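Visitor: With chain A held as given, fit chain B onto it using these hints.
2 protein chains.
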Amino acid sequence: METPSELNGLRSSIDNLDAALVHILAERFRCTRQVGKLKARLQLPAADPAREERQIERLRSLAKAASLDPDFAEKFLAFIIKEVIRHHDFTRQANVDV
Amino acid sequence: METPSELNGLRSSIDNLDAALVHILAERFRCTRQVGKLKARLQLPAADPAREERQIERLRSLAKAASLDPDFAEKFLAFIIKEVIRHHDFTRQANVDV
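Protein chains in written order, with my numbering: chain A, 1 to 98; chain B, 1 to 98.
If we strip away everything but chain A, and leave its shape as in the complex, we get (with noise of 0.2 Å):
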């Protein structure tokens, strides 16, 4: 199929704003894996679940702002989040902040 040159442009605008993504979120997973080795070294607790919630608060009212839906936005957390829980799952490290 021939696409119009207009959807062509979208999708490039995507690709870019995907390439963005991979990046950030890959800068993101170093400094929680350094996070986790600070906390381990420092015998600091794991989890700091009041630090989560200023995450949860901060992220929807800056997806708000952003014409971003803010349950879309809490769902992304969560959903790194996880993934952080499982990369210090093998690393055997308890010691998470998200």
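Keep in mind the hints are simulated off the structure, nothing from the lab. Here the structure is a predicted model, which means the values were calculated and not measured. Please note that the accuracy of each hint is not assured.
The list cannot tell twin chains apart, which means a pair is met if one copy fits it or any two copies do.
[Unchecked claim] Simulated pairs of lysine-lysine, DSSO-like, Cα-Cα distance not exceeding 30 Å: (1) 82 / 37; (2) 64 / 75; (3) 75 / 37.
Guide: Quick look at chain B alone, frame taken from chain A:
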């Protein structure tokens, strides 16, 4: 609990990266909404499995280059696609581009 400055620094990075993710996701949904409208207007077929296949392969490759688990990148794309389809359901548009 008092948090050490090194931990606070990492958390600030995570917060900045999360804000970037939210804004890029908002822009991505703007693009897929436009694609939906364009496809409806031009009466183009709703799905394009070949395009989706290329997106998956490209994201996996980008993930590998960024030391991100390619399986996670693929799951991440599937997660977003699910939301795009849900959005399209909301707007009663059948023409989905993910």
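Visitor: For each hint, tell me whether it holds in the structure or not.
Guide: The hints, checked one at a time:
| no. | hint | in the structure |
| --- | --- | --- |
| 1 | 82 / 37 | within (18 Å within a copy, 34 Å between copies) |
| 2 | 64 / 75 | both (14 Å within a copy, 25 Å between copies) |
| 3 | 75 / 37 | both (26 Å within a copy, 26 Å between copies) |
Checked against the numbered hints above, the structure breaks none of them.
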